[in-house]
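> The residues making up each chain are set out below.
Protein chains: 2
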Amino acid sequence: MASVRVALLGCGAVGTEVARALAAGSALLEELSQRAGAPVELVGVAVRDLAAPRHPEVDRELLTTDAAGLVRRADVVVELVGGLEPARTLLLEAMAAGASVVTGNKLLLAHSGPELEAAALAAGVEVHYEAAVAGAIPIIRPLRDSLAGDRVQRVLGIVNGTTNYVLDQMDASGADLDGAVARAQELGYAEADPTADVEGHDAAAKAALLARLAFHTPVPLSAVHREGIAGVTADDVAAAREAGLVVKLLATCERAPGGVSVRVHPALVPRSHPLAGVRGAFNAVFVEAEAAGELMFYGRGAGGRPTSSAVLGDLVTAARHRVDGVPPRSAAPTTRMPVLPVGEARTRYQVRLRVADRPGVLAAVAQVFAARGVSIETVRQTPAGGRGAAALAVTTHTAREADLAGCVGDLTGLGSVESVTSVLRVEGS
Amino acid sequence: MASVRVALLGCGAVGTEVARALAAGSALLEELSQRAGAPVELVGVAVRDLAAPRHPEVDRELLTTDAAGLVRRADVVVELVGGLEPARTLLLEAMAAGASVVTGNKLLLAHSGPELEAAALAAGVEVHYEAAVAGAIPIIRPLRDSLAGDRVQRVLGIVNGTTNYVLDQMDASGADLDGAVARAQELGYAEADPTADVEGHDAAAKAALLARLAFHTPVPLSAVHREGIAGVTADDVAAAREAGLVVKLLATCERAPGGVSVRVHPALVPRSHPLAGVRGAFNAVFVEAEAAGELMFYGRGAGGRPTSSAVLGDLVTAARHRVDGVPPRSAAPTTRMPVLPVGEARTRYQVRLRVADRPGVLAAVAQVFAARGVSIETVRQTPAGGRGAAALAVTTHTAREADLAGCVGDLTGLGSVESVTSVLRVEGS
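Respectively, the protein sequence lines represent chains A and B. For the first sequence, our numbering assigns the number 898 to the initial residue and increments by one for each residue that follows. For the second sequence, our numbering assigns the number 898 to the initial residue and increments by one for each residue that follows.
Each hint should be verified, as a subset may be incorrect.
If you want a taste of the chain A side facing chain B, the calculated C-beta under 10 angstroms gives, among others [claimed, not checked]:
| id | residue |
| --- | --- |
| 1 | Leu1004 |
| 2 | Arg1048 |
| 3 | Leu1084 |
| 4 | Glu1088 |
| 5 | Pro1091 |
| 6 | Ala1189 |
| 7 | Arg1202 |
| 8 | Ser1227 |
| 9 | Ala1302 |
| 10 | Val1305 |
The hints are simulated quantities; they were obtained by calculation from the structure and are not laboratory data. Cβ atoms here follow ideal geometry from the backbone N, Cα and C, with glycine treated the same way.
Let's have the full structure, built from the sequences with the hints guiding it.
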């Protein structure tokens, strides 16, 4: 049987693992070929620098700097270059030349997913991207196919391993953000420039993909509300711990009256929630569906080896579909729901305040919430380091974000409130 | 576009939920039809008793006792009758008549899976069975497709909600087995005759399916070693708790030298392991793969509503594949590995003994293990309620089951050993 020719674009951490798995004579390659139904053959690896050091199992004979030429010689193109260009152009060229594509490029998918999928359909080929969300964790097929007979209500994802490691460090050791980021950098969990992770850009791209799959509706990246963890203090983490909560950076996608809400922000999660136990650089996606109830998918969200598992799984599927002559199908969303502005989101909140410790202050604070129609669930008052001040932690019932923001504005203007120490959403309860 | 005609066999807890979802005018039906690419239409529901009480949303006009006639009028047949016959014959007839089938019948699949899959391929139709393992949890597609580019090393599954509820009750309340089973029956988590669950038959059928998917090899049900929880005592559970462990009924599927080991038995799991946190009637499947590392899939393993989610997901896939003209592919295993006898399994063990409390006893016990080449990891000796006796808990390093069984035999014959209180495997560490 004719072999399935694979072109690999990029030979970084993930690409190296894919190239090793597909090296001639690898035992795994034999198994993949059996599962694909035809011999799988790596025909080339496009790199920028032919002379750069490579893992010894990467066959240097396969290296080329001519990515555009390589994609025209392939049945399946695996893109692990990252970034928008030249990845986008190379994939469009590959598909136009008749190749199916596998990519782990969440940024490209969040920006140009519909364009790539339309191009695939037009060319009669497929686009696969399991590696783009939550690394090794199978989440694309479960959301798109396994749950296609259900109605997903909410997805809560810990989809960025770097920030989960950082927040977990802060929780476990009491470190502040800078210290935990530095530790993550030492261990290789954070990049030298951690902005994309810390500011939530990476998680936002994944949130857009998750929401699109969960709700079968288009979700442009620009519609995803994004807040990173830069503002999370050691004090926030300690206060959460005392209250039986833990701070996590969550990608939240949920149905709401009139549309869907898609947002990334730090949130307080009860320690009894399955997401609270997701430690270190692990990822997890918690799904609430109407019939299925609560589901969770847990595993490694990054790293060359784990991510290669997702890439190679997609490669086997793409190869098998070519061998079997499976007709490509439209991946276009089957419905169209508005993505709501964050002000319309509804969740619970914890507002921490530093107030004057004198009679009537609590009543004044409570009145601010009442006036905006925000219902208080719990209040905890503790002394706040002398000078006649007290710390208040107010947890609300579910409220509209815009109303809560109004409360925070009003509180700031209240004479008896020294400062609003923090405002965090509470999810998963 | 022509509609996809669906026949439902069986209208129990799961069937009722499927019938409600597919009821004419249901909002979910409209969504499912969009995702399938054609209108999905329920054309009949085969039942044994036309006069039995039904949920008001089940259209009585659709009820029929003529299952054999019904399957010939359908494009997709959903089998929720359970048991071997007439389910097997009905599905074979349905496929011969050109229908794809969706089933949640783990017993039938474990017995006749290869026959059904061969019949499907011959007829050019498909068999789907996501609901057969772990209810609502998407596990079939992840193992079969998402992990097809990886090499699964081990699957540890909590796949029977009844026994997990019972063991969790024993752990949380100190109840004995009978008390916990009675409580599970009161709450509807256990059947009036709980044998299939308690004795591990249900879990064994699921283990056979999981192992087949994980290792791409045939696994006959008869090759699955099975022990239920009938022998688990309140004392076992309490001793586990003291040692930082919890007793779970696990379906274990693992690669071993020379083949695969597939077994169901109670096991001790460290409380720090993700499976230890699976409470009540929830299910979870923990997967260790060479590249992906550790993964876990968690959710509701039973119940009409959750299981209907898996059934309806399969229905959408089956319908879409018909609409798209996707050619059926062989589901036959791509490799053939021996299923090893349980004596060849290798794991850790905890052996609890009641011994005479006098000098030299510990040395004699240790010598028994040493003579069989079983390495001891920890020993804990505690007084055992007077009369000059002591309780010993010996935890071993990984050992061959046959060697451990030899040790237990030798210990029983040792004069200073009053009794071997329990022998439990330790998994997940």
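> Against this structure, judge whether each hint is valid.
Taking the hints in turn, this is what the structure says about them:
1. Leu1004: 22 angstroms, violated
2. Arg1048: 6 angstroms, holds
3. Leu1084: 16 angstroms, violated
4. Glu1088: At 21 angstroms from the nearest chain B Cβ, A:Glu1088 fails the 10 angstroms test, so the hint is violated.
5. Pro1091: 23 angstroms, violated
6. Ala1189: Since chain B brings a Cβ to about 4 angstroms from A:Ala1189, closer than 10 angstroms, the hint holds.
7. Arg1202: 5 angstroms, holds
8. Ser1227: Holds: closest Cβ of chain B sits about 8 angstroms from A:Ser1227, inside 10 angstroms.
9. Ala1302: Result: violated, 33 angstroms to nearest chain B Cβ.
10. Val1305: Since chain B brings no Cβ nearer than about 35 angstroms to A:Val1305, farther than 10 angstroms, the hint is violated.
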